[in-house]
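Protein chains in written order, with this note's numbering: chain A, 2 to 111; chain B, 3 to 116.
Derived by calculation from the structure, the hints in this document are not laboratory data.
A hint or two may mislead.
Straight-line alpha carbon distances no greater than 20 Å define the calculated EDC-like cross-link-like pairs of lysine to aspartate or glutamate that follow [claimed, not checked]:
no.: 1; chain 1: B; residue 1: 43; chain 2: A; residue 2: 40
no.: 2; chain 1: B; residue 1: 40; chain 2: A; residue 2: 40
no.: 3; chain 1: B; residue 1: 55; chain 2: B; residue 2: 26
no.: 4; chain 1: B; residue 1: 38; chain 2: A; residue 2: 40
no.: 5; chain 1: A; residue 1: 43; chain 2: B; residue 2: 60
no.: 6; chain 1: B; residue 1: 42; chain 2: A; residue 2: 57
no.: 7; chain 1: A; residue 1: 43; chain 2: B; residue 2: 54
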Amino acid sequence: GENVEQHPSTLSVQEGDSAVIKCTYSDSASNYFPWYKQELGKRPQLIIDIRSNVGEKKDQRIAVTLNKTAKHFSLHITETQPEDSAVYFCGTGTASKLTFGTGTRLQVTL
Amino acid sequence: DTEVTQTPKHLVMGMTNKKSLKCEQHMGHRAMYWYKQKAKKPPELMFVYSYEKLSINESVPSRFSPECPNSSLLNLHLHALQPEDSALYLCASSQGTGGRETQYFGPGTRLLVL
Numbered sequence: 002g003e004n005v006e007q008h009p010s011t012l013s014v015q016e017g018d019s020a021v022i023k024c025t026y027s028d029s030a031s032n033y034f035p036w037y038k039q040e041l042g043k044r045p046q047l048i049i050d051i052r053s054n055v056g057e058k059k060d061q062r063i064a065v066t067l068n069k070t071a072k073h074f075s076l077h078i079t080e081t082q083p084e085d086s087a088v089y090f091c092g093t094g095t096a097s098k099l100t101f102g103t104g105t106r107l108q109v110t111l
Numbered sequence: 003d004t005e006v007t008q009t010p011k012h013l014v015m016g017m018t019n020k021k022s023l024k025c026e027q028h029m030g031h032r033a034m035y036w037y038k039q040k041a042k043k044p045p046e047l048m049f050v051y052s053y054e055k056l057s058i059n060e061s062v063p064s065r066f067s068p069e070c071p072n073s074s075l076l077n078l079h080l081h082a083l084q085p086e087d088s089a090l091y092l093c094a095s096s097q098g099t100g101g102r103e104t105q106y107f108g109p110g111t112r113l114l115v116l
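Build out the structure end to end from the sequences listed, making use of the hints.
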C-alpha cells in the first residue's frame, strides 16, 4: 500500500517568516495531493490541493509544489501568522483511497 | 449546505453498551467515509461507501458496523468496544468516489470507552 512520509514533525517559526513542510510518497499511481489543516479539537479542513498534471498551485499566502518524478510535494506558507498554528497533514490520493502523512505541528510565535 | 454534520459530539460508553454515531451531508456527495483519529495521529480510514454501497473495509473489527441508509446519511454502530477504541471518529464525504476527490470532514465524535 501507499506510504507517505511527512517532515518535519514539528516546526516553530516566528511570525512573518515562511514555513515549508515536505511529503514523500511511494505509489506512482497517486495523482491527487491535498493539504489539510487541523486546529486543536477541530475537524481537518482542506487548505489547498494539487493534481498531478500541475507542478505548482498558489492561493494567497499558501502554495504547493509537486515533483512527480521524485515523488515529493511541499506546502509553503509565507508571512506566517499566529492563526496558522495548527497540525498540517498532507495526503495522497489514488483511485481507491486517500492516505495521510503523519502530520506537522506548526507553531507560529510572536 | 456545504457542511458535514455529526452527532453526538461526545460519547462515553461502557464495554457492554451499544451505541451509534451519525453523519449527515446535503451536498449531493456520492461517497462517504468513516475515519478514526487517535491523539497526535493522522486520520485512519475505516470504511468507504460509494453510492450507498460499502466499497472499502480496512480490516476493521466487527464490533464496528457501518450502515448507509440513504445517500445523505451514514451511521456507525458500536458494540462491545474496547478502551483502545477511544478516539475521535470523523465522517467525511466527497463528490466522487476514491481518493482523488476533495473530502470534506465533519467535526467528529469524541468517543471514550470505559
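Here is how each hint holds up against the structure:
For the given pair, residue 43 (chain B) sits about 13 Å from residue 40 (chain A) by alpha-carbon distance, which is consistent with the 20 Å threshold. Among the hinted pairs, residue 40 (chain B) with residue 40 (chain A) is consistent with the structure: their alpha-carbon atoms are about 14 Å apart, no more than 20 Å. This hinted pair checks out: residue 55 (chain B) and residue 26 (chain B) have alpha carbons roughly 16 Å apart, not beyond 20 Å. Annotation: proposed proximity of residue 38 (chain B) to residue 40 (chain A) holds, straight-line Cα distance about 17 Å (limit 20 Å).
Restraint check for residue 43 (chain A) and residue 60 (chain B): the C-alpha separation of about 24 Å exceeds 20 Å, so the hint is violated. This hinted pair does not check out: residue 42 (chain B) and residue 57 (chain A) have alpha carbons roughly 29 Å apart, beyond 20 Å. Our distance criterion of 20 Å between C-alpha atoms is broken by residue 43 (chain A) and residue 54 (chain B), whose separation comes to about 27 Å.
Hints 5, 6 and 7, counting from the list given before, are not met by this structure.
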